[in-house]
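Undergrad: Protein chains in written order, with our numbering: chain A, 2 to 153; chain B, 2 to 153.
Just so you know, these hints were derived from the structure itself, not from any lab. Just to be clear, a hint being listed does not mean it is correct.
The list treats identical chains as one, so a pair stands whether inside a single copy or across any two.
Simulated crosslink set (EDC-like; lysine to aspartate or glutamate; CA at most 20 Å straight-line) [said to hold, decoys possible]: (1) K61 - D138; (2) K18 - E73; (3) K121 - D21; (4) K121 - E99; (5) K121 - E153; (6) K121 - E73; (7) K58 - E99; (8) K58 - E93; (9) K23 - E120; (10) K18 - D35; (11) K32 - D129; (12) K18 - E131; (13) K121 - D24; (14) K32 - E136; (15) K32 - E135; (16) K121 - E150; (17) K32 - E43; (18) K61 - D21; (19) K23 - E73; (20) K58 - E144; (21) K32 - E150; (22) K32 - E131.
2 protein chains.
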Amino acid sequence: MTGDTQNIGGVIITPLKVIDVKDGNVLHGMKRSDPGYVGFGEAYFSLVQSGAVKAWKRHKVMTLNLIVCLGEVRFVMYDNRQDSASENMFQEVILSNENYCRLTIPPMVWFGFQGIRPEKNMLMNIVDIEHSPEEIDRLTLSEINYNWEIVE
Amino acid sequence: MTGDTQNIGGVIITPLKVIDVKDGNVLHGMKRSDPGYVGFGEAYFSLVQSGAVKAWKRHKVMTLNLIVCLGEVRFVMYDNRQDSASENMFQEVILSNENYCRLTIPPMVWFGFQGIRPEKNMLMNIVDIEHSPEEIDRLTLSEINYNWEIVE
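Please build the complete structure, drawing on both the sequences and the hints.
TA: Now the structure itself:
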């Protein structure tokens, strides 16, 4: 589910290093020389409760770089760009400390995410522009049909 | 302990917003327009076990921006810059979700940090240049005398 299928155009899944350190590990996030880095606007954390879904959103300008630092989060992307080779494609990626990758989502791709673990689920998002409501499109959960059921 | 005393020269403590969201809160980290932002080189996570101390380090070039996203972390800084108004000053700052601030540490200030909570203690560090061993000075824990005992 995480990189073994074709990506939606512009989506990048980058495995990240975890460095073993005696008193507490260091986990890479993003370097300015990394694939997917297109500038720094803002970095913030988002929590998502177990089973809860935050969807759907699309950024007209912003590129997202998502890293799950705690728990497990399911990301679902939907491409309805008319000029896209991956038009109408859905892509699902589940990230956690065990599948520790950075997910880059380009502008104009719909996305949502869901908390998986009963404990805290937390992601960091590094974005290339500061938050601006004008460049965000939103749809309610039911406006894009996707089965969010968690299969154990 | 967190901003109610004088800061070491160049140190900035910036309270951060937590935005209440129904299915999981959003926690601000850093914006490019924020105080303390001097460029993006890298963002990474560092874990620190309860009671463990990671110390001492000094960056010759790098500015650190530290945010505790989980647990509670004690930061101790020591200024031995000869031209500094805060020469020989120690400063201690304890950050957590309850005291949710960003700690900016300028180059040439010694620092270390310690995990406080029995559960996971995790920080994010946003730095202005990519990691480079050449610009890091290190001392062992005992080379700068500080009482790291945790008083309940």
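Undergrad: Against each hint, give a clear statement of whether it holds in the structure.
TA: Cross-check of the supplied hints:
1. In this assembly of identical chains, K61 and D138 lie within 20 Å of each other by CA distance solely inside one copy; the values are 8 Å within and 44 Å between copies.
2. For the identical chains of this complex, K18 and E73 are intra-copy neighbours only, at 17 Å inside a copy versus 24 Å across copies, given an alpha-carbon limit of 20 Å.
3. For a Cα distance limit of 20 Å, the shortest separation of K121 from D21 across copies, 15 Å, qualifies, whereas the shortest one inside one copy, 23 Å, does not.
4. With identical chains, the CA atoms of K121 and E99 are at most 20 Å apart both within one copy (15 Å) and between copies (16 Å).
5. Proximity of K121 and E153 under a CA criterion of 20 Å is satisfied intra-copy only: 18 Å inside one chain copy versus 26 Å between copies.
6. With identical chains, the CA atoms of K121 and E73 are at most 20 Å apart both within one copy (9 Å) and between copies (16 Å).
7. With identical chains, the CA atoms of K58 and E99 are never at most 20 Å apart, being 26 Å at best within one copy and 29 Å at best between copies.
8. For the homomeric pair K58 and E93, the shortest alpha-carbon distance inside one copy (15 Å) is at most 20 Å, but the shortest distance between copies (41 Å) is not.
9. In the homo-oligomer, the alpha carbons of K23 and E120 lie at most 20 Å apart only across protomers (16 Å), although the nearest pairing inside one protomer, at 25 Å, exceeds that limit.
10. Only within a single protomer do K18 and D35 lie at most 20 Å apart by alpha-carbon distance; the minimum there is 12 Å, versus 28 Å between protomers.
11. In this assembly of identical chains, K32 and D129 lie within 20 Å of each other by CA distance both inside one copy and across copies; the values are 13 Å within and 10 Å between.
12. In this assembly of identical chains, K18 and E131 lie within 20 Å of each other by CA distance solely across copies; the values are 15 Å between and 27 Å within a copy.
13. For the homomeric pair K121 and D24, the shortest alpha-carbon distance between copies (12 Å) is at most 20 Å, but the shortest distance inside one copy (22 Å) is not.
14. Taking identical chains as interchangeable, the C-alpha atoms of K32 and E136 lie at most 20 Å apart only when they sit on different chains, with a minimum of 17 Å there against 25 Å within one chain.
15. Proximity of K32 and E135 under a CA criterion of 20 Å is satisfied inter-copy only: 18 Å between copies versus 28 Å inside one chain copy.
16. In this assembly of identical chains, K121 and E150 lie within 20 Å of each other by CA distance solely inside one copy; the values are 19 Å within and 29 Å between copies.
17. When the C-alpha separation of K32 and E43 is checked against a cutoff of 20 Å, the pair qualifies both within a copy, at 14 Å, and between copies, at 4 Å.
18. In this homomeric assembly, K61 and D21 never come within 20 Å of each other (Cα to Cα): the closest approach is 38 Å inside a single copy and 25 Å across copies.
19. Taking CA atoms no more than 20 Å apart as the test, K23 paired with E73 passes between copies only; the shortest distance there is 19 Å, against 24 Å inside one copy.
20. For the homomeric pair K58 and E144, the shortest alpha-carbon distance inside one copy (11 Å) is at most 20 Å, but the shortest distance between copies (52 Å) is not.
21. Proximity of K32 and E150 under a CA criterion of 20 Å is satisfied in neither setting, with 34 Å inside one chain copy and 35 Å between copies.
22. Taking identical chains as interchangeable, the C-alpha atoms of K32 and E131 lie at most 20 Å apart whether they share a chain (18 Å) or sit on different chains (7 Å).
When each numbered hint is compared with the structure, violations occur for hints 7, 18, 21.
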